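Please take these sequences and the hints and turn them into a complete structure.
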Amino acid sequence: MVSATVAERGAAWEVAAAVPDPELPMLTLADLGVLAEVEVDGGAVTAWLTPTYSGCPAVAEMAADVDRRLRAAGYRDVRVRLRLDPPWSTDLITAEGRRKLAEAGIAPPRPTSAVAAAGPVPLALGPTRTAAPVPCPRCGGADTEELSRFGSTACKALWRCRACREPFERVKEI
Amino acid sequence: MQDHSTQADVDDHVYLGLAEAAPGPEGEGRWAYGTGFADPLLGVDTALPPGVDGADLAACCLMLGDDALVLAQRLIEWCTRAPELEEEVALANLGLDLLGQARLLLTRAGQADGSGRTEDDLAYWREEHEFRNVRLVEVPNGDFAHSIARLLLFATARCALYEALSAHPDPVLAAVAARGVKELAYHREYATAWTLRLGDGTPYSSARMQAGLDAVWPLLDELFTAHPAELRAGVDPAVLREPVLRSLSAVLAEAGLTVPDVPPLASVLGRAGRDGVHTEALGPLLAELQVLARAHPGATW
Numbered sequence: 001m002v003s004a005t006v007a008e009r010g011a012a013w014e015v016a017a018a019v020p021d022p023e024l025p026m027l028t029l030a031d032l033g034v035l036a037e038v039e040v041d042g043g044a045v046t047a048w049l050t051p052t053y054s055g056c057p058a059v060a061e062m063a064a065d066v067d068r069r070l071r072a073a074g075y076r077d078v079r080v081r082l083r084l085d086p087p088w089s090t091d092l093i094t095a096e097g098r099r100k101l102a103e104a105g106i107a108p109p110r111p112t113s114a115v116a117a118a119g120p121v122p123l124a125l126g127p128t129r130t131a132a133p134v135p136c137p138r139c140g141g142a143d144t145e146e147l148s149r150f151g152s153t154a155c156k157a158l159w160r161c162r163a164c165r166e167p168f169e170r171v172k173e174i
Numbered sequence: 175m176q177d178h179s180t181q182a183d184v185d186d187h188v189y190l191g192l193a194e195a196a197p198g199p200e201g202e203g204r205w206a207y208g209t210g211f212a213d214p215l216l217g218v219d220t221a222l223p224p225g226v227d228g229a230d231l232a233a234c235c236l237m238l239g240d241d242a243l244v245l246a247q248r249l250i251e252w253c254t255r256a257p258e259l260e261e262e263v264a265l266a267n268l269g270l271d272l273l274g275q276a277r278l279l280l281t282r283a284g285q286a287d288g289s290g291r292t293e294d295d296l297a298y299w300r301e302e303h304e305f306r307n308v309r310l311v312e313v314p315n316g317d318f319a320h321s322i323a324r325l326l327l328f329a330t331a332r333c334a335l336y337e338a339l340s341a342h343p344d345p346v347l348a349a350v351a352a353r354g355v356k357e358l359a360y361h362r363e364y365a366t367a368w369t370l371r372l373g374d375g376t377p378y379s380s381a382r383m384q385a386g387l388d389a390v391w392p393l394l395d396e397l398f399t400a401h402p403a404e405l406r407a408g409v410d411p412a413v414l415r416e417p418v419l420r421s422l423s424a425v426l427a428e429a430g431l432t433v434p435d436v437p438p439l440a441s442v443l444g445r446a447g448r449d450g451v452h453t454e455a456l457g458p459l460l461a462e463l464q465v466l467a468r469a470h471p472g473a474t475w
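These protein sequence lines are chains A and B, in that order. Just so you know, our numbering puts 40 at position 40 of the first sequence, and the rest follows in order with no gaps. For any residue, its number in our numbering is found by taking its place in the second sequence, counting from 1, and adding 174.
Don't read these hints as lab results, they were simulated from the structure. Where hints are given, some of them may not hold.
If you want the footprint, here are the derived chain B segments under chain A, 3+ residues with CB under 8 Å [said to hold, decoys possible]:
#1 215-223
#2 271-282
#3 338-350
#4 359-365
Below, computed lysine to aspartate or glutamate pairings styled on DMTMM-like, alpha-carbon distance capped at 20 Å [claimed, not checked]:
#5 K100(A) x E169(A)
#6 K100(A) x E14(A)
#7 K100(A) x E173(A)
#8 K100(A) x E166(A)
#9 K356(B) x E173(A)
#10 K356(B) x D85(A)
#11 K100(A) x E23(A)
#12 K356(B) x D91(A)
#13 K356(B) x E337(B)
What you are looking at is a predicted structure, and each value in this text was computed from that prediction instead of being measured. Virtual Cβ for every residue (Gly too), placed ideally from N, Cα, C.
Shown next, in the form of structure tokens:
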């Protein structure tokens with residue numbers, strides 16, 4: 001019966017994985033790495049979500065959307081739970097998620113290992129152009145700079161391309 | 175294979191009606207109107223691990239949660255008042271991180287002490303003397319430099335504390351701290367950048383930044399003063415004193431600022447924020463924070 005369980009879990013995963021993120025609707029919760037696990041036990045489905053930032057106001061919305069979609073798919077006994085450990089990281093955003101972000105004009109995050117390797121710059125003022133380049137999601141130009149570390153949502157920063165002169169948002173590495 | 179009705183336990187799902195009655199073509203139009211998923215520790219295993227005392231753990235979570243809640247409230251006071259729109263957005267984002275941490279920590283406190291109090295019970299229905307935050311987070315914002323000075327002190331110290339707490343035996347506190355340490359690192363970076371910009375700017379900006387530091391520095395010591403409940407829960411902020419002071423001194427030196435030579439703010443018969451003894455600034459802050467919840471008890475939307 002192992003294969004049946006795997007197939008059941010796969011089907012439930014597909015339903016939960018298709019839920020769009022409320023704040024980055026071009027991404028699904030699976031693209032974003034927020035959907036941690038889906039388990040099917042008999043008739044019960046449990047979906048685990050790992051919230052992004054502590055203060056992310058979209059967590060309740062995500063939980064409600066996953067719950068609703070699973071019920072709409074015919075599951076009656078649905079549980080949505082949060083998993084805090086290990087903490088979410090931008091490294092969990094899938095390749096597909098990164099592609100969709102760039103397509104929507106949002107620069108995807110770099111691997112956190114690349115950022116750590118570039119070293120913290122706690123005592124230098126205004127490293128608005130970082131060692132590890134952030135290519136412009138519109139023109140691909142490498143000459144970009146940070147306008148503000150904080151943007152329209154907790155997970156994004158505001159940047160500008162010095163080649164095409166367009167501002168763009170960027171998902172911050174965490 | 176998708177008829178699981180026999181397993182249905184509708185009583186478990188008070189939000190079922192909301193989830194099914196969602197408006198809009200995609201049914202995802204309830205944004206900001208309440209989802210029924212109000213518990214910030216929804217479905218997280220909250221059993222106390224062996225060897226962890228619930229009362230002591232609750233006391234620690236309350237202290238950390240109150241610090242975060244009160245500073246979040248101070249930070250959002252900058253909305254519509256910050257020098258630039260970008261800074262207003264930044265300060266509000268920092269406040270949002272802290273508010274998220276506060277929700278998790280207060281929820282954990284209400285579970286660990288066995289009282290079953292929710293985050294809202296603790297945030298809105300305690301009196302001033304029941305708050306356990308350090309006085310550093312409650313004093314008024316002052317000018318922008320003053321607020322940056324407070325943020326620099328708090329973020330540097332709290333980042334170090336969260337780093338230590340991410341190995342705490344309580345898995346919930348450890349997870350909140352592990353998440354928080356990355357957020358506080360951003361807060362510290364932001365405060366550091368402004369300290370450098372103002373300190374190393376014009377003589378006028380430097381003087382304002384120095385005045386802000388001088389004003390908040392007497393409140394720094396409380397962050398390193400261990401409360402007995404913290405020590406029993408395996409948390410000793412005193413060990414952070416040296417590394418945090420070293421880090422702060424390096425920032426101030428780079429910014430051309432002086433480490434203030436001022437004594438710590440006196441306590442009252444040895445009691446301060448961690449014991450519920452606060453400055454006169456906390457009362458008005460709580461009045462604003464709590465007025466709506468108290469005017470409409472239990473209201474939801």
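How the hints compare with the structure:
no., hint, in the structure
1, 215-223, "holds (count 4)"
2, 271-282, "holds (count 7)"
3, 338-350, "holds (count 5)"
4, 359-365, "holds (count 4)"
5, K100(A) x E169(A), "holds, 13 Å"
6, K100(A) x E14(A), "holds, 18 Å"
7, K100(A) x E173(A), "holds, 17 Å"
8, K100(A) x E166(A), "holds, 19 Å"
9, K356(B) x E173(A), "holds, 10 Å"
10, K356(B) x D85(A), "holds, 14 Å"
11, K100(A) x E23(A), "holds, 14 Å"
12, K356(B) x D91(A), "holds, 14 Å"
13, K356(B) x E337(B), "holds, 9 Å"
The structure is consistent with each of the numbered hints, conforming to all of them.
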